[in-house]
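Asks: The lines below spell out each chain.
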Amino acid sequence: MGDQPIWITFIVTFAIMTVLLLSMAYTTWYERKVLARFQDRLGPTRTGKAGLMQPLADAVKLMGKEDLVPDAADRNVFLFAPLITFTTALLSAAVIPWGGTVQIFGTDVNLYPTDINVGALFILATGSIGVYGIILGGWSSGNRYSLLGAIRSAAQVISYELILGFSLVGIFIITGTMSLTDIMFKQHEMLSFGPFEISNWFVLTQPLGFVLFVIAAVAETNRAPFDLPEAESELVAGFMTEYSAMRFALYFLGEYISMIIMSLFAATLFLGGTSGPGADKFWGLGIMWLVLKVMAFLFFYIWLRATLPRFRFDQLMGLAWKVLLPLAILNIVVTAFFRLIGNGQVF
Amino acid sequence: MEPVKTPFNVMDSTQTEYSGTLMVEDEHELASGERVMTLNMGPQHPSTHGVMRVLLKLDGETVIECDPMIGYLHRGTEKLSETKRYAQIVPWTDRLDYTAAPQNNLGYVLAVEKLLGLNAPERAQYWRVIMVELSRIASHLVWLGTHALDIGALSMSLYTFREREMIMDIFETFCGARLTTNMMEIGGFSRQLPDGLIPQIRNFLRVFPSKLKEYTDLLSANPIWLARTKGVGVITPEAAISYSLTGACLRGSGINYDVRKADPYLVYDQLDFEVPLGQFGDVFDRYLVRVEELRQAHKIVTQALNYIENDDRPMMAYESAYVMPPHMGTMTTAEDMQRHFVWVIKGFSAPVGEVYHAIEHGKGEFGIHIVSDGGSMPYRLRLRTPDYVNLGVLPHMAQGAMLADMVALIGTIDIVLGSVDR
Chain A
1 MGDQPIWITF IVTFAIMTVL LLSMAYTTWY ERKVLARFQD RLGPTRTGKA
51 GLMQPLADAV KLMGKEDLVP DAADRNVFLF APLITFTTAL LSAAVIPWGG
101 TVQIFGTDVN LYPTDINVGA LFILATGSIG VYGIILGGWS SGNRYSLLGA
151 IRSAAQVISY ELILGFSLVG IFIITGTMSL TDIMFKQHEM LSFGPFEISN
201 WFVLTQPLGF VLFVIAAVAE TNRAPFDLPE AESELVAGFM TEYSAMRFAL
251 YFLGEYISMI IMSLFAATLF LGGTSGPGAD KFWGLGIMWL VLKVMAFLFF
301 YIWLRATLPR FRFDQLMGLA WKVLLPLAIL NIVVTAFFRL IGNGQVF
Chain B
1 MEPVKTPFNV MDSTQTEYSG TLMVEDEHEL ASGERVMTLN MGPQHPSTHG
51 VMRVLLKLDG ETVIECDPMI GYLHRGTEKL SETKRYAQIV PWTDRLDYTA
101 APQNNLGYVL AVEKLLGLNA PERAQYWRVI MVELSRIASH LVWLGTHALD
151 IGALSMSLYT FREREMIMDI FETFCGARLT TNMMEIGGFS RQLPDGLIPQ
201 IRNFLRVFPS KLKEYTDLLS ANPIWLARTK GVGVITPEAA ISYSLTGACL
251 RGSGINYDVR KADPYLVYDQ LDFEVPLGQF GDVFDRYLVR VEELRQAHKI
301 VTQALNYIEN DDRPMMAYES AYVMPPHMGT MTTAEDMQRH FVWVIKGFSA
351 PVGEVYHAIE HGKGEFGIHI VSDGGSMPYR LRLRTPDYVN LGVLPHMAQG
401 AMLADMVALI GTIDIVLGSV DR
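Top line first, the protein sequences correspond to chains A and B.
According to this note's numbering, the first sequence is numbered sequentially starting from 1.
According to this note's numbering, the second sequence is numbered sequentially starting from 1.
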């Protein structure tokens, strides 16, 4: 994990961006297919084999649409807001590791764009900035459904950001670092129980933190059952009501990128990231394990959407502040206590 | 809260013309100094079940005032009926509550039969019961699917429409049409039963209970569903009576009134079924009542089908002069041919009089009041559609509800705008 020439970083970043943007497009296909299966349908079938060209068709359609700006809208803010959501969502990918330092064609390559020592905080921070896109977009649309969606979104993100952060503190206490790369490699160590050896995934030592994180991540990405900012049955399309064409698509894709990033984040923090059989022998296998974990998370997201009704706004807030937050604090206290015992500072 | 910039002119809220989704007569201040936001929900809104418009005054997300506005689907059915002969009105009733066309047909046909003093043969009555109860299942399934969809349970509508499709297929086999069935005729049924109808219904009856269990498994114990429906939109028994609610809205509040029991028509007094009642009168109780009604409707269809399956008596009251003669008669005898000619060209002249007949529609009491001046068309035809009356309770329920509850409240009344606006 040493320094590397800037051009290698550039290539790695470019590769990761490409993979992310492609996978984002295909997450929409994945969601359509999986949701359709849940609902006794087929999903897209006409565009290519098994509808595999559907993301392309969607993109062509959306690009061909008129980019409408309502008269009531605050024009500049309205045009700018979707970019915030999209870019910040993409930005979080910078600190997520897809492996350690590997040898490719005889060159040392770091399989991550950057490894800053507050990587976890960086993701939380970009997530918080991302909500500005929603608030500004909803506010500047000049539509009351958008406004309500934006206000809901602000309140929701503030509440769940807190839980998201708190649920991670346990891991920081255990590992003593906030660098995602370090956290991930801590989980590559094996624990042995007699004849059995299992990976030291933090989902085992931090089960409560994991559950809290997953709930908060669903809320953070505005997905069902916490999709109140865009609750289509109440707010038409929430903050996206007035958006059309590619600006609508930017919000839409921003949401999917957030989903992927949150899945990557969860996999890195709790499920060992690239850890898995054979991952330390060949880096490609590690990436495969990571992708499989992310796909499992995405499946879970879609499963929730297919099954659960939507929370009401006050219930959402009640859940965050009255149930999840005390649990998160309890988790921190208990983890800290065991850490102190481990250090021999108690008893 | 800063007011939203609006390009529209400030208008009086009583004015019905407006443009855009922003509705006008903007923020006014509460006593506490806070501003009220006026939100115009509909007529183009995903959860108003058609083209209803609800004018909401919101304090944050809390509803202070709710004003449902209807009439966007008004087609003048009552007035049109005055220019149509009795038999020609049946297709118009299809378009009232288009999720339950056979029930509308039945309500109208029974009212006319009451006016004419006509009784359909027993076999036809049983088949009417079968079709109407299947239609009740279909309309309740539409309600369950859309209501759950409004509250956010996305998949439910696809599951319920899957079973509704089977009923639509049964209707198609029976009468050739799926949605606007035009199924009932004055005097019974003039067509033969098609082959394969009974096995098709049997198949549906066999499949349906397990599917119903699937729906209730997904919803009845779901904590989010309970949180969204329990204690929401409570109607006390007194309020239910004073708003003259009928159907599940009334029975959800624990009042035992079902036209099928209170004033039996067709052969309902010979069938064994129960009337489910709610306890607290909230959205959840009305959900339970309707789900139980699905079970009871299944039970009724099973009984009626068992009784009538091997019957081959005539289905039409041909002895009456008000009924079109049988097809073979028209082809072979002069009297029947003349009667057929007059019936088609001029219709029959109904006796002078005034009747009201009500049936238990899937949504409540569906009543038809006909005034006849002795002509071949009604002098006046008045429709009492259940969801129009039930909709009146919406402002009462919406007091202090959250915005998200509004969609649950609109859903729980089970409105179809075709029937509300007429």
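A couple of the hints might just be wrong.
Stated by the list, open to error - In silico DMTMM-like pairs for lysine to aspartate or glutamate, Cα to Cα no more than 25 Å straight-line:
1. B:230 x A:314
2. B:213 x B:169
3. B:57 x A:71
4. B:213 x A:40
5. B:79 x B:373
Derived by calculation from the structure, the hints in this document are not laboratory data.
Asks: Hints first: check each against the structure and report whether it holds.
Replies: Structure-based check of each hint:
no.	hint	verdict
1	B:230 x A:314	holds, 14 Å
2	B:213 x B:169	holds, 22 Å
3	B:57 x A:71	holds, 24 Å
4	B:213 x A:40	holds, 17 Å
5	B:79 x B:373	holds, 15 Å
Of the numbered hints listed earlier, not one is contradicted by the structure.
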